[in-house]
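Q: Now for the letters of each chain:
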Amino acid sequence: MSGVRTLLGLGLLVAGSRLLRIKSETIACRSGPTWWRPQRLNSGGRWDSEVMASTAVKYLSQEEAQAVDQELFNEYQFSVDQLMELAGLSCATAIAKAYPPTSMSRSPPTVLVICGPGNNGGDGLVCARHLKLFGYEPTIYYPKRPNKPLFTALVTQCQKMDIPFLGEMPSEPTMIDELYELVVDAIFGFSFKGDVREPFHSILSVLKGLTVPIASIDIPSGAGTQKVGQGRLGPYPPDSCPHQV
Amino acid sequence: MSSAAGPDPSEAPEERRFLSTAEAAALERELLEDYRFGRQQLVELCGHASAVAVTKAFPLPALSRKQRTVLVVCGPEQNGAVGLVCARHLRVFEYEPTIFYPMRSLDLLHRDLTTQCEKMDIPFLSYLPTEVQLINEAYGLVVDAVLGPGVEPGKVGGPCTRALATLKLLSIPLVSLDIPSGWDAETGSDAEDGLRPDVLVSLAAPKRCAGRFSGRHHFVAGRFVPDDVRRKFALRLPGYTGTDCVAAL
Numbered sequence: 001m002s003g004v005r006t007l008l009g010l011g012l013l014v015a016g017s018r019l020l021r022i023k024s025e026t027i028a029c030r031s032g033p034t035w036w037r038p039q040r041l042n043s044g045g046r047w048d049s050e051v052m053a054s055t056a057v058k059y060l061s062q063e064e065a066q067a068v069d070q071e072l073f074n075e076y077q078f079s080v081d082q083l084m085e086l087a088g089l090s091c092a093t094a095i096a097k098a099y100p101p102t103s104m105s106r107s108p109p110t111v112l113v114i115c116g117p118g119n120n121g122g123d124g125l126v127c128a129r130h131l132k133l134f135g136y137e138p139t140i141y142y143p144k145r146p147n148k149p150l151f152t153a154l155v156t157q158c159q160k161m162d163i164p165f166l167g168e169m170p171s172e173p174t175m176i177d178e179l180y181e182l183v184v185d186a187i188f189g190f191s192f193k194g195d196v197r198e199p200f201h202s203i204l205s206v207l208k209g210l211t212v213p214i215a216s217i218d219i220p221s222g223a224g225t226q227k228v229g230q231g232r233l234g235p236y237p238p239d240s241c242p243h244q245v
Numbered sequence: 001m002s003s004a005a006g007p008d009p010s011e012a013p014e015e016r017r018f019l020s021t022a023e024a025a026a027l028e029r030e031l032l033e034d035y036r037f038g039r040q041q042l043v044e045l046c047g048h049a050s051a052v053a054v055t056k057a058f059p060l061p062a063l064s065r066k067q068r069t070v071l072v073v074c075g076p077e078q079n080g081a082v083g084l085v086c087a088r089h090l091r092v093f094e095y096e097p098t099i100f101y102p103m104r105s106l107d108l109l110h111r112d113l114t115t116q117c118e119k120m121d122i123p124f125l126s127y128l129p130t131e132v133q134l135i136n137e138a139y140g141l142v143v144d145a146v147l148g149p150g151v152e153p154g155k156v157g158g159p160c161t162r163a164l165a166t167l168k169l170l171s172i173p174l175v176s177l178d179i180p181s182g183w184d185a186e187t188g189s190d191a192e193d194g195l196r197p198d199v200l201v202s203l204a205a206p207k208r209c210a211g212r213f214s215g216r217h218h219f220v221a222g223r224f225v226p227d228d229v230r231r232k233f234a235l236r237l238p239g240y241t242g243t244d245c246v247a248a249l
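If you read the protein sequences in the order shown, they are chains H and L.
Numbering-wise (our numbering), the first sequence opens with residue 1 and increments by one.
Numbering-wise (our numbering), the second sequence opens with residue 1 and increments by one.
The hints are simulated quantities; they were obtained by calculation from the structure and are not laboratory data.
Keep in mind the model is a prediction, meaning the values are calculated, not measured.
A few of these clues could be false.
Computed list of chain L residues with no C-beta within reach of chain H, every gap over 10 Å [to be verified]:
#1 17
#2 68
#3 69
#4 98
#5 119
#6 137
#7 231
If you want the ones that stay clear, here's a sample from chain H, every Cβ over 12 Å from chain L, calculated [unchecked claim]:
#8 69
#9 83
#10 117
#11 198
#12 202
#13 205
#14 213
Chain L side only, calculated, beta carbon under 8 Å to chain H, not exhaustive [as the list claims (entries may be wrong)]:
#15 34
#16 44
#17 218
#18 223
#19 224
Even for Gly, the Cβ is constructed at its ideal location relative to N, Cα and C.
Modelling step: build the complete structure from the supplied sequences, incorporating the hints.
A: Written out as structure tokens, the structure is:
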């Protein structure tokens with residue numbers, strides 16, 4: 001399992017699991033007739049990553065991803081709460097399928113969820129809560145918390161479910177490797193631009209040295225969506241067998 | 001009802017399988033006030049899980065084109081909101097829902113959920129035929145999201161009451177969300193005279209009237225209920241498998 005990274009394409013997942021028709025002309029994902037057929041992640045349907053890999057998948061640019069989001073909010077009147085709940089649940093489900101509890105060493109398997117300062121972090125909070133319900137033992141590191149009711153409520157939900165919040169980030173990759181079997185990167189999402197500020201710069205450096213698997217929500221944090229590998233920090237090495245959700 | 005091997009000695013003897021209406025309301029309040037869940041979150045989780053229950057009771061590959069058509073009848077209150085979410089997820093799951101939602105609530109949650117369904121091209125009927133045979137012919141199954149526990153049947157107005165009267169005569173399968181609409185949530189009285197659903201999807205936990213349910217499948221959609229809350233209400237519920245959000249009772 002070492003060195004395997006899992007990418008959870010949140011925009012794709014969200015769009016694929018909830019929309020059949022996307023009206024915006026800038027998004028060409030309708031041209032892929034099968035990739036966004038809804039995947040019944042929660043209905044006990046079989047998950048075949050071979051089939052998924054061979055299906056034509058359209059990757060969205062940052063502009064397209066933002067356009068999808070805008071359409072969902074403005075035209076479909078989804079609320080951030082709704083989308084975040086569906087997104088976090090879907091991510092937890094995907095993670096549970098990629099790394100089932102029975103395949104992990106510890107019982108319950110320990111997971112470190114690192115949440116960034118924006119919506120990607122919120123997705124991570126929802127994901128952590130559902131991972132707990134699925135039988136994992138998540139711990140959250142959430143250094144920069146927006147002072148908005150949505151996020152404070154999500155934190156409360158996690159705290160009430162006895163999910164611990166770390167006071168500081170382990171400074172060495174080996175410390176994380178020893179304590180956790182999986183790390184969920186919910187630091188930055190598709191709207192990330194510019195330089196990576198502290199404490200996230202240091203966090204990403206630590207993540208680069210991990211041997212346990214990392215599941216990234218939406219994009220590997222620090223990767224520019226337009227030009228992979230050219231962000232200031234650069235993403236950690238892309239994985240050799242990506243699981244596209 | 002829980003896992004096969006008999007009562008778990010570590011479970012308190014007073015753990016039970018049903019909630020009273022007051023307890024169900026208290027459980028919801030705990031989630032909203034102590035756990036700071038939003039109502040929209042809970043409605044979304046319940047509606048999604050209800051749709052998943054439909055896929056388990058009526059798996060798509062086994063259905064003909066006509067059998068995939070689902071009529072979702074939504075009342076004006078929270079049960080109706082759950083129905084709207086359920087319809088949207090059924091659409092995503094490749095069923096063909098149609099909604100009858102005659103008494104539209106003005107609150108923002110209901111309005112947004114309605115918009116989402118409309119934008120996904122889910123048709124809304126402007127009236128429901130009183131001739132039940134027309135419904136039997138047009139749809140493969142019906143989802144009853146009219147009345148939840150604690151809502152007075154008399155309160156919901158003419159079109160819903162008439163719809164329920166028609167649904168009593170249905171010969172295609174009926175799925176009721178939370179409680180069969182019109183049943184007394186405590187006693188299940190009117191169970192003989194009222195709706196006879198084939199499938200009951202209890203939301204969060206079964207209500208007392210579920211004891212009188214005699215249809216084919218009873219699911220509980222309560223994966224999202226934290227363990228501590230389950231323990232607080234002394235609920236003994238079946239284990240959920242894997243990532244499933246519903247469990248069969």
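Q: Now tell me if each hint is right for this structure.
A: Structure-based check of all given hints:
no. : hint : verdict
1   : 17   : 20 Å, holds
2   : 68   : 14 Å, holds
3   : 69   : 16 Å, holds
4   : 98   : 15 Å, holds
5   : 119  : 5 Å, violated
6   : 137  : 26 Å, holds
7   : 231  : 12 Å, holds
8   : 69   : 15 Å, holds
9   : 83   : 9 Å, violated
10  : 117  : 20 Å, holds
11  : 198  : 29 Å, holds
12  : 202  : 31 Å, holds
13  : 205  : 33 Å, holds
14  : 213  : 18 Å, holds
15  : 34   : 6 Å, holds
16  : 44   : 5 Å, holds
17  : 218  : 17 Å, violated
18  : 223  : 6 Å, holds
19  : 224  : 7 Å, holds
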